[in-house]
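Number of protein chains: 2
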Amino acid sequence: MEFKISNEFLSQIETLISENRSLELLLLLEDIHFADIAEIMGELDDFGAGYIFNTLDSEKTAEILLELDEEVREKILRNLTPKEIAEELDELSTDDAADIIGELTKHIKDQVISELEDVEHAKDIVDLLRYDEDSAGGLMGKELVQVNENWSVLTCVKEMRAQAENVTRVHSIYVVDDEGRLTGRLSLKDLLTTSTRTPISEVYIKKVDYVKVDTKDVEVARIMQKYDLEAIPVVDELGRLVGRITIDDIIDVIKEEADKDYQLAAGISKDVEADDSILALTKARLPWLVLALLGSFVAVKVSRTFEGAMENYAVLFFFTPLIAAMAGNVGVQSSAIIVQGLANNTLGGTIWHRLFKELKLSLFNGLILAVILMLGSHFIIGVDYSISITVAIALLSVILIASLIGTFVPITLNKYGIDPALATGPFITTSNDILGILIYFSIAKVILGF
Amino acid sequence: MEFKISNEFLSQIETLISENRSLELLLLLEDIHFADIAEIMGELDDFGAGYIFNTLDSEKTAEILLELDEEVREKILRNLTPKEIAEELDELSTDDAADIIGELTKHIKDQVISELEDVEHAKDIVDLLRYDEDSAGGLMGKELVQVNENWSVLTCVKEMRAQAENVTRVHSIYVVDDEGRLTGRLSLKDLLTTSTRTPISEVYIKKVDYVKVDTKDVEVARIMQKYDLEAIPVVDELGRLVGRITIDDIIDVIKEEADKDYQLAAGISKDVEADDSILALTKARLPWLVLALLGSFVAVKVSRTFEGAMENYAVLFFFTPLIAAMAGNVGVQSSAIIVQGLANNTLGGTIWHRLFKELKLSLFNGLILAVILMLGSHFIIGVDYSISITVAIALLSVILIASLIGTFVPITLNKYGIDPALATGPFITTSNDILGILIYFSIAKVILGF
Chain A
1 MEFKISNEFL SQIETLISEN RSLELLLLLE DIHFADIAEI MGELDDFGAG
51 YIFNTLDSEK TAEILLELDE EVREKILRNL TPKEIAEELD ELSTDDAADI
101 IGELTKHIKD QVISELEDVE HAKDIVDLLR YDEDSAGGLM GKELVQVNEN
151 WSVLTCVKEM RAQAENVTRV HSIYVVDDEG RLTGRLSLKD LLTTSTRTPI
201 SEVYIKKVDY VKVDTKDVEV ARIMQKYDLE AIPVVDELGR LVGRITIDDI
251 IDVIKEEADK DYQLAAGISK DVEADDSILA LTKARLPWLV LALLGSFVAV
301 KVSRTFEGAM ENYAVLFFFT PLIAAMAGNV GVQSSAIIVQ GLANNTLGGT
351 IWHRLFKELK LSLFNGLILA VILMLGSHFI IGVDYSISIT VAIALLSVIL
401 IASLIGTFVP ITLNKYGIDP ALATGPFITT SNDILGILIY FSIAKVILGF
Chain B
1 MEFKISNEFL SQIETLISEN RSLELLLLLE DIHFADIAEI MGELDDFGAG
51 YIFNTLDSEK TAEILLELDE EVREKILRNL TPKEIAEELD ELSTDDAADI
101 IGELTKHIKD QVISELEDVE HAKDIVDLLR YDEDSAGGLM GKELVQVNEN
151 WSVLTCVKEM RAQAENVTRV HSIYVVDDEG RLTGRLSLKD LLTTSTRTPI
201 SEVYIKKVDY VKVDTKDVEV ARIMQKYDLE AIPVVDELGR LVGRITIDDI
251 IDVIKEEADK DYQLAAGISK DVEADDSILA LTKARLPWLV LALLGSFVAV
301 KVSRTFEGAM ENYAVLFFFT PLIAAMAGNV GVQSSAIIVQ GLANNTLGGT
351 IWHRLFKELK LSLFNGLILA VILMLGSHFI IGVDYSISIT VAIALLSVIL
401 IASLIGTFVP ITLNKYGIDP ALATGPFITT SNDILGILIY FSIAKVILGF
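Chains A and B are the protein sequences, given in the same order.
According to UniProt numbering, the residues represented by the first sequence are 1 to 450, in order.
According to UniProt numbering, the residues represented by the second sequence are 1 to 450, in order.
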């Protein structure tokens, strides 16, 4: 039942734009959801996107602005006066408006704020801009329904009707005391089924989950997921109710966090997308590659110290990429499981317990792989048994060490407050490459003696 | 403001259990959220977990059951009679109950269903069991508030009160016709502000987003995210309203999907957690490792065909792990960006456009890396210029090819309906290893002539 942008539809729109038939365009887009219009604008050139934006009325454009890709939005905003931007923001909820203002330059930001028509709205937005983007304060919106614990049900219902004007979705009714401190919540159901003269203090629930303005966004996400909340109130240092966070904002946090771990594991250090500029992509990718290259220098150096083996056991050198690759693969597997366990908060037990378990696992897997390598190198590659036994023993040792490092490093990073996902990807592959080659030749030297 | 399980608290609980002081235990756990109690049970041994479960009353245990780790839940359920399980399920919403029943063996499943007390509830659960787990039908619950388009506002409010008894959170009121077909929705706000004698048909919104029972779960997640929905109705083949999906169920889908991509990239093929058994972890990890090992055999074979270079250019062999590692790193980066773009549906343009962009990017990055390698191999490793130029040119070529493959493979897999995340991880590293080594020695052969 979802709307899909067909090529025909797109070219129909392009025609209408190029022939300046704005009324027909308006008619065509009338029933299209703003999220879809934003997607259509992303597919058009700058002129086309701007044309659509200017044709639609501001109630729709404000929501579209929110859904646009950051680059497209930037271009659209650049063509608007501060007054026009302020008009769009007046249509948005405080948290969404604050997010867009946050993207503007300091100079324009101040002008836009001074042009905001609704003073209350403007005050709320300015208030939100104070908070760190990654905190509960940065996520929350000011729109909420709150009642005083000293009111009666009747007063509440009246006040709520007025407040609900500004709130699209009422998740919860929060109860505060005379100082504005959060004291509990009220369920719509209870409110509907209670006599209107009852004082609120008799019906409201004194227990309420909340977060503080400086709670980290990932922590808010964890709490809301764990306790299955669709909204959570935010209080300031004095316990006063200052905003609320809804689950849709949290979904973005969850997705970003998961994407970030994935990108780190793939050796991409910044939040980039395929459509970003080559410069942005290079900034995210090149540092890791340079690091990996420098690490590989060490690996070359290490294998060179075993040059003596070239004379009688040159065949050993054919196996170095295999040993290095397996060390990398095992290390990435081990660390990924730990990183995910840490991210999902499902990692129980001590570090020793983890290491011991990983040791058992990699001993089991390593033995199977070593046997395959021993047989394969003899029968498929055709090397002597002395060589095939040597590489098999080396592989087993390398797998054991790589898996222990893959387990140890992320747990240790996490303990010191560093993102454990850093440990996956090129970092672990490269260090395991070096170590793998060192262990491999050392074992070969002991067994074969060169 | 979140509850944290301290070691003191845990040992306090353990003492109460071992001394069979159930009343004190009950008092201690009284104000603890069921999600936290589930977490505590996960930390205890089987006896302790069972003891807590038996001590608490069934209203709380049903919710706890839902929050428990699958293994712990399985153990708890094993000690319950079908009648006792049915009693727990009677407390749960239909979708949650269906999920738990889905985990039981066929034999016990039937017994449990026959023991369910509330016949309507049982019918709903059985109905839900028909659907595929990964479809909208498998995600949806039966609890919803629906009104007939021919009713008046007053009738609606009355009916809604009755229906709302079974619904914890009213997200939307759905409007159906006499055949039960979904025709629109009603906002609580409109209902509150309209005269009670108005017919519903005059106030309800005729446009409503919905999904079909067989819509894939990831597609439902995409729609709900895109259109910012907190709940979506589900209709059957005839358009009849059969259930609704809420955003909290979708969060699990989003998280699972992101975790799966991450695991595939790390070479883990099944949804495993650090706490799973060694056998389960081996099943998820060993297949990839065996595949990577077999791939590495090919790499060994390939580098062996260039054995002739050993005589005069033995130093080339020290660089094979470096070339292979860089090919792997670049390939993983390229494919990860594509996989993420496909997952988030942000990948515009044709495949040729993508390949051309990636070519430009990797040419730029590759040149920088090649220069570093050229200088580094000469000044740090100390090889001749002829060798350092050779490895630098080989590196550049390998990076170009690896990035093109990393771009091409996931797009192509996706086109044929295969999960593109398969292309990242060991698969791409291994194939790039092989190709990298082949290209490296071929170029060296052309330049140096051996």
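Just to be clear, a hint being listed does not mean it is correct.
As the list makes no split between identical chains, a pair holds if one copy fits it or if it spans any two.
In silico BS3-like pairs for lysine-lysine, Cα to Cα no more than 30 Å straight-line [as the list claims (entries may be wrong)]:
(1) 109 - 207
(2) 83 - 415
(3) 4 - 255
(4) 445 - 301
Because the hints were derived from the structure by calculation, they are not lab data.
Verification of the supplied hints:
no., hint, verdict
1, 109 - 207, "neither (40 Å within a copy, 37 Å between copies)"
2, 83 - 415, "neither (49 Å within a copy, 46 Å between copies)"
3, 4 - 255, "both (23 Å within a copy, 25 Å between copies)"
4, 445 - 301, "both (17 Å within a copy, 23 Å between copies)"
In this structure, the earlier hints numbered 1, 2 are contradicted, and the remaining ones agree with it.
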